[in-house]
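Taken in sequence, the protein lines are chains A and B.
Our numbering numbers the first residue of the first sequence as 1 and each following residue consecutively.
Our numbering numbers the first residue of the second sequence as 1 and each following residue consecutively.
Please keep in mind that the hints were generated in silico from the structure rather than gathered at the bench.
A quick note: this is a predicted structure, and the numbers were derived from the prediction, not measured.
Glycine is no exception: its CB is placed at the ideal position from the N, C-alpha and C atoms.
One should not assume that every hint holds.
Said to hold, decoys possible - Across the chosen pairs, the derived CB separations fall in these ranges:
(1) B:634 to A:23: 53 to 63 Å
(2) A:85 to B:3: 48 to 58 Å
(3) A:65 to B:40: 23 to 33 Å
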Amino acid sequence: MTTEKDNLRTSIKEAIDSQKRPTVTVLSSLLAIQDSIGYIPEEAIEEVAVHSNTSINSVFGVASFYPNFRFTPPGEHSVEVCWGPTCHLKGSTEILEIVLAKLGLVSEGDTEDGKVSFRFNTCLGACSQAPVLSLDHELYGNVDSDMAEKLLGDLDQNKTTH
Amino acid sequence: MSDKVNLTIDGVEVQAEPGSMIIQAAMDNGMYIPYLCYYPGMKPYGACRMCVVKAESPTPDGTYRALPGSPASCTTPVSEGMRVETNSEDTVGLRKGIMELLISEHPHGCLNCHRIDLCGPTDVCLRHVSVNDRCVTCPKNERCELKDTVRYMEMELTTPLTYNNRHLPLEVKDPFWDMDMNLCIVCSRCVRACDEVRGDSAITLKDRSGRSIIGTAAGTSLLESGCEFCGACIDVCPTGAIVEREYKWDKAVEQVSTTCPHCPVGCQLDLDVNKRNKVVRSIPNRQAEANMGMACFKGKFGLDFVNKKNKLKKPMIRRNSDLEEVTWPEALDFLSEKLSGYTSDDYALISSSKGTNEDNYTAQKFVRRVMKSNNINVSSNSRPKLVSALQSSIGDDSATNTIWNLLNSEVILLVSANITEEQNVASVPIKQAIAKGAKLIVIDQRETELTRYATKWIRPLVNSESNLIGGMLRSILDQSLEDHDFATEHCEGYDEFRNSLWNFDLVKVSAETGIPQEEIVELAQLFGKSESSSILYGLETVSEEHVDRTVKSLVDLALVTGNIGNKSSGIYPLYGGANQQGSKDMGCVPDFLPGHRPVDAAGLNLDEISNACSSGKVKALHLIGDELFHNNPDREEFLENIKSLELLIVHESFESDITKMADVVLPSAVFAEKKGTYTNMEGRVHRLRAAIGPAGDEDEDWRILSQLAGRLGSNELSYSSSDEILTEITGEVESYKNIRVEKLGTAGQMRKIEPQKDYLLSPLEFTQNEGIEVNEQYPLIFAPGRVLFDADRDAGIVTENDQNSITRTEVIEMNSGDAEQAGISEGDAVKILGENFELIGNAHLNGLHSGMVATTTLFGSLIESLNKSTEPDPMSKIENLRLCKVRVEKV
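Just chain B, same shape as in the assembly (with noise of 0.2 Å):
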């Protein structure tokens, strides 16, 4: 027997699911209700009235009994043999008054103007409505739920009530994003979608009845209420009552899917581009498997740089110091020439993160068959350690499970990242399953935005995590609370591995990471005992010789709970670059060829090539794109080192410090331009659509590569589109063999990795800890926080230039034998000095360990800097928040 309910819409008999509503019944099997607050994926509201029908259930005596009234089809689940009629004259008549109402107050000149039929999106409106409610006052005219509602309803022309016009002000003063109230429905899906998805509750339905408005509870900014501006409420909004700022007047001509190039989630976007061949508005895709519909501050606002007029435009090579433009022809040539001077060794290429698996395997190969060196990296693949123990343990190195399982995770363990701002929508996941009930544990010295819905915040010594976890196995096993079977039937080494854990007593663990016994034996309980715990890890606060070592903890700790293979969990590494793993896939490394296949001799890593540039042992080198070690430390090292260099070749989009001292710059397409497929932290293969035009000479990187190549003599990279590279990447690499241009919706398509016939456990090693190393000028390790809402602080909100920016006096933690020491009391005013940096603010003495300083600053005033910068691509260059030696001085 079916599981399905059977009922009647409209004389039609349908199924559906047990507990679904009225309405997705009816949408499923392809029949339409009106409606404005519902909205897919939300719980049930109804606030609109809109989606009104007559039903009645079947009694047991076999008659028909209607249900009272007109139930809102969005609220009423379906029954067994229910009959729903959704357009009986009385409905309709009660829909239609129900929208005259709504209508009252929403400015509806555009909504039933007379000419919408004759009158064009690109027309000039001939006055048939008063001057201020003109369709083209609103910014969403042609995009409006309302309006197109109203058609459908085929509503008179006149409406017996008047227009009340509300006068509310506009809230033009955050970042990004306008709200002009007189438009809205107060259909609250904003509300809901910022509460019930992305779990943060930033804006509010305030007052009531004819008042009801959105807002935030103190009613001055989104900046200090907790938003992410990620603009969930932006696009679930069926007005014009919350729009983008930046284009918002701009119609699109042209809605093009793509995925973002900002991180590894590879979330996929519908991009609005308009007449002018710019993309005027960033849409996240509902049916995309990666985000769900989600997007972040990166994604909906971190787009505008394909559109900047600065970009570079023409090929430029160095002739007498100087830099100056020529054609393409002419700049291959003296790039070939010069080339041909370098081989093997004296050679190295560094290729983008952001550049597509087809620019990679063609940058790779390039390097391979015509240089003949294996010295080729990809530019975000600056901590390789952090997933080369997954890769030997469990035979692949991106996620074991997908982003959206980990909402059925019991438990889920973060160590040390960022995740909210660095790889943010694989946070929504996560507290969408804490408000479901599951349980957190976040181990970082920093306070971020997930450590506020933390079962378990663990503040473990600098560099002590893998003993750390080491202790919570130890525990584990003690416990008994290990998956027994999994571990000895599943994975080789285990009694190897056990009996490393000897050297993991609690008390010298506890010592070693500052943590009480009893609490590492807690975390162990609630880890262990779950049914499903799943791991990620960024290892942001890590030092580089502890990575490997942490991760194969951390590997353990998932194979010897059984939480590997298993459907609701799993391990998730964290790391940068919207395509490192696709570049990593297509052998954008110096040990490996495409497909994970080892070379004979590996080149060099990032470090080693910026070191052999100074040395002069790489005499060439070959830069796609200029991140190399941004938001790191070494850049400064690095852009010391190239100097020395005897020929810098550069594929940038934008003028930076690199392409000033390139001796040949070449403009390269950014993402919106290129054509080709990522491959996302869960192994999922996106592609990539080209959404505009380039705006001048600029090209894609394998085709720039593949030219050269010809001219090199080489013809085995002449290729004629990036479909016929992903033809001979899908031959080259195992696991793409099952991917197909035709195929890649929006759900992508998973790679496919062979599974490891057994996992590996490896045996741990108990360290010594050394922290980080530390100098008598700065003595003590920085822990910088931030966090999207502070309840305990009051933030200050001034405005300047009809802009909103913060106010607040910063709260640094401190040990308090520390602040004896330095004689420093509770409440005050301290500075912070950093070798490049400055904070003044309140000493807060409390438990922090000996020889640390932590503050935690507001989200809010990285997105008012992120608003203000002057930079091209201002998202792609957010600094990390990084550990960091200062000292602290009494102001």
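Chain A on its own, in the form it takes in the complex (with noise of 0.2 Å):
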């Protein structure tokens, strides 16, 4: 009888085991499953404890540590707006508030319905097209008000190409 809680330590297992380094770590198992499954389970801890010979508290102070290491599955969307300076000074805040009221959130976290998952950046690498946003790991630059409402309008149509 296999469920649904041993497929997920299958492919955990998985991805430790895909690792191609010449030394597999803590954090590199952590990286490895947060890539395949794309987030950092119970048993993900577990997993990596058993593997790197270690208590579960280790490795959960390890993985708590950094803020990219989530514990809950992400949603389905992913929508990011750049807070680094230059988005800063060229108007991001705007877009912020735009983003943050269209998904009913007021910081970082998943939407209510847990489809969207909001996350500042603190730069995504295209200042000279500030401010920017990126939605689904897609970049959209020069972004104005107008814009993000769309975006974040077909975003709700499921519209966005993934």
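Fit the two chains together into the complex; they arrive one by one in their own frames, and the hints show the way.
The structure is reproduced here in structure tokens:
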């Protein structure tokens, strides 16, 4: 009898074992798991602990140190607004307010229906196009308020390019 | 040339161990550098930056080069010719800045209140600071290291930074401890103590920067995170962030150093006593050589019984079928009149393993000189065979090395002992040795905490341990891994011993033990090839009739591999009873006088006394303490047997099933009210000091017996103090000759046993194994296991009445053949039924021996039940994990 949990454990183990690097560490294993299944479930902490011969508490200590690791499944879509100095100067505050209002959020996090995960980003690396916004890892530059409204509206209707 | 490093600290030339840190060098030379995260005995960490200094080291051209920045003295090693300045203006300023940052997140009304010098510990705060950070709202008030450091640094009374209360919820749902993360300064001492010192890693530092917090991975409860509730995190916490829950707000007016009454490790504890004559906290002593600042759940949280209001306070005698309270003279008159009708064989006395050497010396003297009997024993001595072979082969019945020398062993063999629960602190050096690379072999049918750490966990058939060890010995000799010089030069009986091994053909041994030959060979290699191998044995799962044989084989194993009399290896018997060793040295046994001198006609042993009570051979039984046969199936039978007695005398501190049956009940002082000595499993004599005064008329057992003897016409026991008895003991018992009361500090004093000229190798006997007798109703043997942490399965935590508890479905391991016969398949819900318990779980079929079932529960469940228990002293009544007969049914 295989359950969903067993499948999860199998994919976690596969992610750990598929690492092709000279030194496999707690951190590299956590990264491999997040790349593979999108987040770090409780089972992943246990598997990494067993694999690295350390305690779950130590692994969790490492995982929780990095804000890039998430412990719940991500939403279907990811939205990031750049918060770097250039975007800031070019008006990302306004964009941010629109995005938050559209998603019904007050800060970073997942929407109530769990469909969209929203995060700030310190620099998306496209300062010449500031302000920048990313939808499902696709960049949109020179964003103004209308464009932000439209992009988020499209997201509602599920019309994003994946 | 000295191998020390020379350096200068604040202009003073000092010497330090190479590789040690500046802060340690300063402390060793009586200089103080403020610190918060540093803790002696733990690895350098450098979290708090409070100990920053200026340092410079010499260069080859004769000038000095400053170490860049302000290095932390707790992470900077000393070097030859180094010059350190600890209190330059810059450094002090920097420290104050760091401290300001630190206390911007710690309530600090208490730290820099201007009434500090005016206010005494008992004064009511006149509200010079805001209500929510007044000193009385901190459980560590007056004991806070942060406060001491702030005062030492003479900080300004105001700080430019506003205090930011993190408003983190209090963690108060786990047994025994409270956590208030608003008081945490993130020094990480607790995490390091748990990980580095105890080897548990039950807590961790979560999240980062300003949000850092101490917690567990799943974020739920310590019950499932691998915590052994030893309290090491509490002991190292510099602030009030982690504290004991009981008497959390109580302040000590006195601290008394004494010995823990729970097991033979003999931990030295400093007891905090409050103004109402109560023991409010127990803090393990860091200078103590037996426990090195460690304690366990029993010593840390299991001493509250001394404060219980329902302690017996008056002597009671049975008149007209009811027990009635009387005065001491009345009780003793009544008792002496009764006792004068009994002599020698009619009478037996069983003393307590919690009794001091003085109590038990007096007890045996009372029995032998006044009652003219040898029917004397100590209640924990239910398995005398556990050490008798040790005595005859090596010349002493205690451990041959100290507990902390286990740290240096390369291989440790643990035979059938649940050391984590029974002699907890002795498992700390084992875990530390494993962390350093030592290998652990566990031979046990049960899964215990240390099996998780084992290189090899061997589960032989029940009672086949002696054959298995015999097989190991045979293989050691076959591979020439023995220490031939030691065995022939220092041991007698080598040839006879070697010849007896011809019976241990590995094919036969493998069949009898259920362990494959290759594994036995591997064990022999692991044990025999190491430079220093230690053996610890409790033989908790071995039946009585096999104990002697098994001990002999283990002693032979230690001798043949030359692991006796060597600094980093030895053999350690593990038994119960805090002062069993001392009691036996005092002659509290039927067959030996004080100092292990044999008697002419031995008295009855514990089982014989129990039977003699029912047959009428013993008519008057004198019990000191009621712990006889506790946690033992024989208890029921014993209770039945003593119904036939004419006279039952009980010295006890609490009412129990036995005191209810007694004719005379004498209130006996608890350990915290006693003065005297205990001898631990290493043979180290420790002191007990009275921490609290008596709550009523209770008295120490030696004084009761001394007065009774006087009334029975003997003046040989007229002692005026326990010290006087100890003086007599040092004259009577050869090995205690050097013991002096005034020399018994926290390190105690080892008793001195003259080393035996030659050790004795015993020939071994190969036995056909019968296992444990089973019957049709209960055809299987059940091996209950318990571990701190189980990564493989989820434990659910439910919270009821604000207390966490564990819910989880147990896994019941079965032999696949047995299961098939019973129609049970993998994952089926099954029920284990024993004579007085049942347990439901899911079947897991594996290679377990046919005829056995096993399960592993979580230590958290035990802690939960101890926390809820209404017994006066639940910690001393923990059920041993013993093998028993069961049957398994499908649910």
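Worksheet item: Quick check: which numbered hints come out false for this structure?
Response: none
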